[in-house]
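In order, the protein sequence lines correspond to chains A and B.
Per the numbering used here, the very first residue in the first sequence carries number 394; after that it's consecutive.
Per the numbering used here, the very first residue in the second sequence carries number 6; after that it's consecutive.
If you are wondering where the hints come from, they were derived from the structure by calculation, not from laboratory data.
All values derive from a computational prediction rather than experimental measurement.
The beta-carbon is built from N, C-alpha and C at its ideal position, and this holds for glycine as well.
Hints are supplied without guarantee of correctness; some may be wrong.
Some chain A residues judged to face chain B by a derived CB distance under 7 Å, without partners named [claimed, not checked]: (1) D469; (2) V522; (3) R534; (4) G539; (5) V548; (6) S550; (7) R559; (8) A561; (9) D564; (10) G567; (11) T577; (12) T640; (13) M647; (14) A651.
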Amino acid sequence: MTQDEYNAFVDALLSAELHQFKDWEKVPYFDGCLPIEVMAERGRETLRFGPMKPVGLTNPRDPLVKAYAIVQLRQDNALGSLWNMVGFQTKMKYGVQAEIFRMIPGLQNAQFARLGGLHRNTFLNSPKVLGGDLRLKADPRLRFAGQVTGVEGYVESAAIGLMAGRMAAGDFHGKPLEAPPETTAMGALINHITGGHIEAEGYSGARSFQPMNVNFGLFPAIAIAKPEGIARWKSVDKTRAKRKAITTRALTDMMSWA
Amino acid sequence: MAPRMANSEPIHIIGGGLAGSEAAWQAARTGAKVIIHEMRPQRMTDAHLTEGLAELVCSNSFRSDDHEHNAVGLLHEEMRRCDSLIIAAADKHALPAGGALAVDRDAFSATVTRAIEQHPNIAVERSEVAGLPPLEWSNVIIATGPLTSPALAAGITDLTGEDALAFFDAIGSDYS
Ligand SMILES: Cc1cc2nc3c(=O)[nH]c(=O)nc-3n(C[C@H](O)[C@H](O)[C@H](O)COP(=O)(O)OP(=O)(O)OC[C@H]3O[C@@H](n4cnc5c(N)ncnc54)[C@H](O)[C@@H]3O)c2cc1C
Ligand SMILES: Cc1cc2nc3c(=O)[nH]c(=O)nc-3n(C[C@H](O)[C@H](O)[C@H](O)COP(=O)(O)OP(=O)(O)OC[C@H]3O[C@@H](n4cnc5c(N)ncnc54)[C@H](O)[C@@H]3O)c2cc1C
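Please model the entire structure based on the sequences and the hints provided.
Structure (structure tokens):
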């Protein structure tokens, strides 16, 4: 997109008529999935620094001119006939959505297979109501798994399912199973939702339970030494080294449980 | 933990989404008997469009697959090492997506559905559990997701005395 195209697009978003919410539908957003029109409201440049960030791409037809903003399309089926607009969640009215998205160069003739919308998320206050083995304290024959336990996302949900399935099987066979070590991603996740939260890097106290994606802040801290022969250790390199140390430790500690 | 008596009653799993399908697979591979109760297609949610197990309701991405420098990539790798059905099906139907693990959603869901339906230790019942599970189910996993049916949600709320919170999540657009 050129600067003019981008500005026209942002203007259209700002004037779009939003889906009207009933009073009871309070809408707190995760920063990870803010509707694009909400981002546009936060500032004219927000989208250009978010999902429309124009980095790492060269226009083969005009290699010397950098795009002012871009839209990433992700292939959605093996045929290549369906593509997903990455990061384009929205709560604009359906008619308006197609009209505005056709302003994007290349999408003038697109057919929209699925429009954006807003949906409910039901989840437990897990740290309070679940034990460390995912069973409901008030009725231990019930174990919970997936997004309803307060994790967020396909992978996280499946990971809690994996642990719950093994634990239920443990009970079936009369061999109760403990959660994986807290130094693993699975252990860190279950530990977070069941409230046995440990002192973690970059995490400052107050526990108000909100749905959680897996992230490095959930792992116990790890000490790493600066490599020899380096005067100043750049912070990007240090972060990378720290992540590598955490993931190496996790995969080692996972062996006993896997 | 102290050993307990074996409970050879079947494991009842409510919800055949990402979590319920993986849970069923993991339990069944140890020899446990499993019954999945999935309400689709009899009763659909606001987001699901098919009757397939493990339907991806929005993006087709499992996010970064970098297991050395990314936490979700690490989670993929740990799950692979635990013989995860979900990750194996995703790997099988991966699409080009840079460093991300993105999948063909229909082929992915079909593979999970087939693996579950053909497993000798798993039975799939297509009906809603419309309230708290019957008392004779002694080993239950509730994996009904962000769009848990209202009847079951109300049952859970009665039991916990805890308001199950509701909030909203935006979904992206797809075009072809
Ligand atoms: C609109 C929307 C968009 C999303 N977008 C993304 C995304 O882009 N990326 C991402 O990683 N995550 C996304 N998520 C989250 C993702 O859907 C969940 O993390 C994941 O599906 C949760 O897995 P689950 O197994 O817990 O629930 P689900 O996969 O939803 O499975 C729950 C199953 O339980 C069934 N069920 C419900 N109630 C009953 C009942 N009473 N009896 C019987 N069966 C029942 C449902 O039919 C469903 O099959 C989104 C969620 C929503 C709602
Ligand atoms: C609850 C929830 C809801 C979500 N809702 C939505 C939604 O509505 N819409 C949506 O689109 N996403 C949604 N997502 C997905 C999330 O926003 C993704 O992380 C984001 O879209 C980027 O995903 P990614 O696959 O690029 O992974 P990332 O981990 O961000 O990317 C991994 C690497 O691959 C690169 N890459 C990814 N795709 C390509 C490609 N096609 N070509 C070249 N390089 C590529 C990236 O640049 C990066 O370097 C949701 C996630 C969650 C957890």
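Consistency of the hints with the structure:
no.: 1; hint: D469; in the structure: holds (5 Å)
no.: 2; hint: V522; in the structure: holds (5 Å)
no.: 3; hint: R534; in the structure: holds (5 Å)
no.: 4; hint: G539; in the structure: holds (3 Å)
no.: 5; hint: V548; in the structure: holds (5 Å)
no.: 6; hint: S550; in the structure: holds (5 Å)
no.: 7; hint: R559; in the structure: holds (5 Å)
no.: 8; hint: A561; in the structure: holds (5 Å)
no.: 9; hint: D564; in the structure: holds (5 Å)
no.: 10; hint: G567; in the structure: holds (3 Å)
no.: 11; hint: T577; in the structure: holds (6 Å)
no.: 12; hint: T640; in the structure: holds (5 Å)
no.: 13; hint: M647; in the structure: holds (5 Å)
no.: 14; hint: A651; in the structure: holds (4 Å)
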